[in-house]
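**Student:** Residue numbers (full-length UniProt numbering), protein chains in the order written: chain A, 1 to 155; chain B, 1 to 155.
If chains are identical, the list can't say which one is meant, so a pair holds when it fits in one copy or spans any two.
Here are the computed lysine-lysine pairs in the DSS-like style, where the Cα-Cα straight-line distance is at most 25 Å:
#, residue 1, residue 2
1, K92, K78
2, K74, K56
3, K74, K92
4, K92, K56
The set of hints was computed from the structure by calculation and includes no laboratory data.
Protein chains: 2
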Amino acid sequence: MLPLLAVLASAEAATPPSSNGIDYPTGWQEWALIAVSHRTDNGTLRAILGNDTAVKAARAGQTNPWPDGTVLAKAVWKGAGLENWSSAVAPKAFVHAEFMIKDSVRFAETYGWGWARWLGETQAPFADGPQVCISCHTPVRGRDWVFTDPAPFPH
Amino acid sequence: MLPLLAVLASAEAATPPSSNGIDYPTGWQEWALIAVSHRTDNGTLRAILGNDTAVKAARAGQTNPWPDGTVLAKAVWKGAGLENWSSAVAPKAFVHAEFMIKDSVRFAETYGWGWARWLGETQAPFADGPQVCISCHTPVRGRDWVFTDPAPFPH
Ligand code: HEC
Ligand code: HEC
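In isolation and in its complexed conformation, chain A is listed as follows:
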């Protein structure tokens, strides 16, 4: 029994607990890209990734509103110049991953989006409710609560 228990324990450890009642969106690390950004005010680099529904909507320019089923993921890293090209700011330590999950029925009370964040390499769930997210995203409520313009891609 011991090897089996070890396997079960490690599989369980691999999925972090929920944040704001939202399950951890597994597999986001391999999702396709919607945009990138560099917050020059706090020196962090960001990648905005999406599940299939989100990427299709982004490429088609159908993002106001984003369709139900959309999941947007934002990964944040500390930035620092590359060792061999110091003016190129590139990712260092992982800071957090956060998600906006579109379900206009389930999340009707939070403007159609579920809001969740997990911290650091260990992906510890962020305990604060969605109000901290929503208040900061309020300037873009007319853009379905999303700051990002999907990056243009050649076809």
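Keeping the supplied structure of chain A fixed, place chain B with the ligands upon it in accordance with the hints.
**Tutor:** Just chain B with the ligands, lined up with the frame of chain A:
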């Protein structure tokens, strides 16, 4: 026959011609992320994406050398502050896509990598040979010719 010909013609137009004898790597727009960067010297944002072989190697830290079959794609955009958060520099016009393709036999004369670039939204092939790429990447010849450190991802 006409509708069939129209379909064939549009499928052909969709794949740009080769660059430096290298076929266009179709589907790279949906590849997973290896890293991002912001070249603050010329104001451009970059995403470094990889095919499955590249992403597996990056996540496992097996990148010196990168395995045969690796394709690294770099997408470059002009950067500008977000409309609603001006200190966040985000992608605007698409500049170019460029690729390093690892095949230690086929590309033995160019240090194991094929080098190719396509320009702009129309993805016009870049005509200059690989020497322009290689000379600029020479400072990282001890890192298998690659500047980028794969970004850390939580598991
Ligand atoms: C300090 C202000 C602020 C707070 C607080 C905040 N955000 Fe954001 N968020 C932003 C900005 C600005 C962007 C645009 C991209 C960037 O980070 O450069 C963004 C982008 C995002 C994105 C990518 C889609 C988009 O809107 O561009 C997601 C997903 C996201 N935030 C989720 C969250 C969640 C979940 C929380 C709370 C747990 C949260 N945010 C709290 C400012 C904030
Ligand atoms: C002006 C110098 C310069 C030239 C010329 C250049 N590169 Fe690069 N390249 C860089 C730097 C610096 C990076 C690191 C990422 C960045 O852009 O911030 C890079 C990154 C890359 C990457 C991502 C993997 C890595 O090494 O980090 C690819 C792929 C790439 N270059 C391909 C090419 C190709 C193909 C050419 C020629 C057609 C070329 N490069 C020419 C400087 C250059």
